[in-house]
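Quick mapping for you: the protein sequence lines, in order, are chains A and B.
Under our numbering, the first residue of the first sequence carries the number 167, and numbering increases by one thereafter.
Under our numbering, the first residue of the second sequence carries the number 833, and numbering increases by one thereafter.
If you're looking for bench data, these hints aren't it; they were derived computationally from the structure.
Bear in mind the structure is a predicted one, so any value in this text is a computation, not a measurement.
Note that the Cβ used here is the ideal one computed from N, Cα and C, for glycine as well.
Take these hints with a grain of salt, some might be off.
To give an idea of the interface, some chain A residues facing chain B are shown, with a C-beta separation under 10 angstroms as derived from the structure [stated by the list, open to error]:
(1) A286
(2) R292
(3) L306
(4) N311
(5) I312
(6) Q460
(7) P464
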Amino acid sequence: MTRRLDALVALAAPVALVLVIAAVGSQLNPVRQLEFGDALVSVAIVVALYVFVGNSGVLSFGHISFVAVGAYLSGILTLGAEQKNLILPTMFGVLRHTTTSTAVSLVIAAAAGAVFALVAGIPLMRLSGLPAGIATFAVLGITTNIISYWDKIGPGVTALALVPTNGIWTLMTGALIAIVVAFLYQRSPSGRKLRATREDPQAAQASGIQVHRQRLYAFVISGALAGFAGGLLVHELGSITTNQVSVELTFTTLAMLVVGGVSSLSGAVLGALLISGLNSFLADAEQGVNIGFQLTLPTGTRLVTIGAVMALVLILRPSGITGGREVRLPRRWRGASGELGPGA
Amino acid sequence: MTFLQSLIDGIGLGAVYAVVGVGIGLVFGVMRLVNFAYGELITAGGYTLAMLSGAPGIVAIIACFAVVVALALLQERVAFRPLRGASPATMLIATFAVSFLLQNIYLLAFGSRGSTVGTLGGLNHAIAVGSLRIRWITIVATIAGGVLLTGLTFVLNRTMLGLQLRAAAADFQTARTLGVRANRVITWAFAISGMLAASVAVLLTVQSPLVTPDYGVSVTIFALVGVVVGGLDRLLTASLGGFAIGFATAFVGDLLPSSGSVYLPSVVYGLVIIVLLLRPSGLFAGPRATAAERV
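Based on the sequences and whatever the hints tell you, model everything.
And the structure:
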């Protein structure tokens, strides 16, 4: 009974957090709404990353490839035929003649992310440690390189622009879908097996768990969510360039995950919201903001402060703000049977 | 002839990657930390050289070494010492955070337009051998790379410090139990890796004199790819991996038709993935590469 309750709280806490962020954001002016929308998209991307990195304990520098593919595909699919003929004249016919709604384009982006993750994952999931990190990074290098130049699949060297944008409620729904999928996965038998391999690969293997297969499942689910989150990203920004879905996003999203606490869903959500919140606040403060008194920071302090905060959190709390645990009810509310293992 | 020209270009590029790779590999060997902020040491050296462009070359180079070694020690003391024993993922991300922080401090201090280094610009002149063009810097980089790596091998194999470094790399706990002072060894590893970074800064600013806040990033990424491809467990294989990346880039660049040259990174990364799949412990790692041989 208490276990069920714990699981419920572990899901309810991040969901509530996202609902509150969206509700507050929806009451603010359009500029602020963009900042809150940005935070919600970050949640979706970091949760996607968490499904693989958090549950398997293997670092991936390649997830932004799936975000990039999702973003470009979803963005291109929602452009009207005339716009495509205008800005994407050299593209393959299939892409040029198909126009879908945002929702359909997000589903297709998720499917594309899953297929890409499956193709990349079948060979790469045999690796672990640093070789895995470098190989996934190589996948990212190839993806951004090809998207940047091949004008048959996208805009080539120019930005993909004129993509219809969506409001904060759509972005919130997207973030919630990512959270629920991640939660269901980590509670599933497959998720539990993968977490066992994270704690002790040898023992897990000895108990009959096929490490590579479980990692591949997580990689594919995680790739699907990343493609989906990429679709959200492009429909939040309205335009995208390959620089926005490359090395920098890879590291900032990984840092959000590690700052929050790499091995818990609440950590992923909290890390994403805190770092993007701080980022938005500092961006405002560079323009001058009133927080009881007038605060104006010199231009350029934003990124320095973010870097310093990320470094400090990692130094002072190496296992992240949540310590890698899910949110749980305080002990006195949880009845007599208090001796429970770590949260799901 | 283009084959020979590619070979020469590959050596010049590879020597730089090899030195960077050894700088990263040395610290990795001792404390299992992949220092992504290594590139910012190179950048710091570049800015020092740029600011002292008017000064005599030797003064600028000495200052460059002093600044870079000091920054390397500062990185260790402030950021990485408290993280000793944290999970590899946390350490790697922390080094990224340090890298990100330093890049933005450079951006704040020096702006995004970049500073130009003029210290050893004369080395860009080429000598012609038949139809081949060999720039002086290629020769200097190759010799400097060779001298640095030989010197380091000597230190590691013939001195007390080297013995302690190798012991710490083989088994840090046991080495401590036997009286190797952890802080001292790690400090030295960072100091040496700082000297290597300063050398790279001197060599690299001759070939590309415009120093921007992200100056050291791409060379660090390529060198890191190189050392993992070569085999991070030993310095020899790590440096060979650096050369391999240099050669691969030069040769593939030569082979691709001009319309496909923009896809050079894809081809090189594709090769990297194939190598890692076939030989995860490294291209040059022996058939029985053991965890004991790390430096």
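Going through the hints against the structure:
1. A286: OK, holds: A286/A within 10 angstroms of chain B, min 9 angstroms.
2. R292: 7 angstroms, holds
3. L306: Where the cut-off is 10 angstroms and the nearest Cβ of chain B is about 9 angstroms from L306/A, the hint holds.
4. N311: N311/A check passes; min Cβ-Cβ to chain B is 5 angstroms, inside 10 angstroms.
5. I312: Holds: closest Cβ of chain B sits about 6 angstroms from I312/A, inside 10 angstroms.
6. Q460: 22 angstroms, violated
7. P464: Since chain B brings a Cβ to about 8 angstroms from P464/A, closer than 10 angstroms, the hint holds.
Checked against the numbered hints above, the structure breaks only hint 6 and satisfies the rest.
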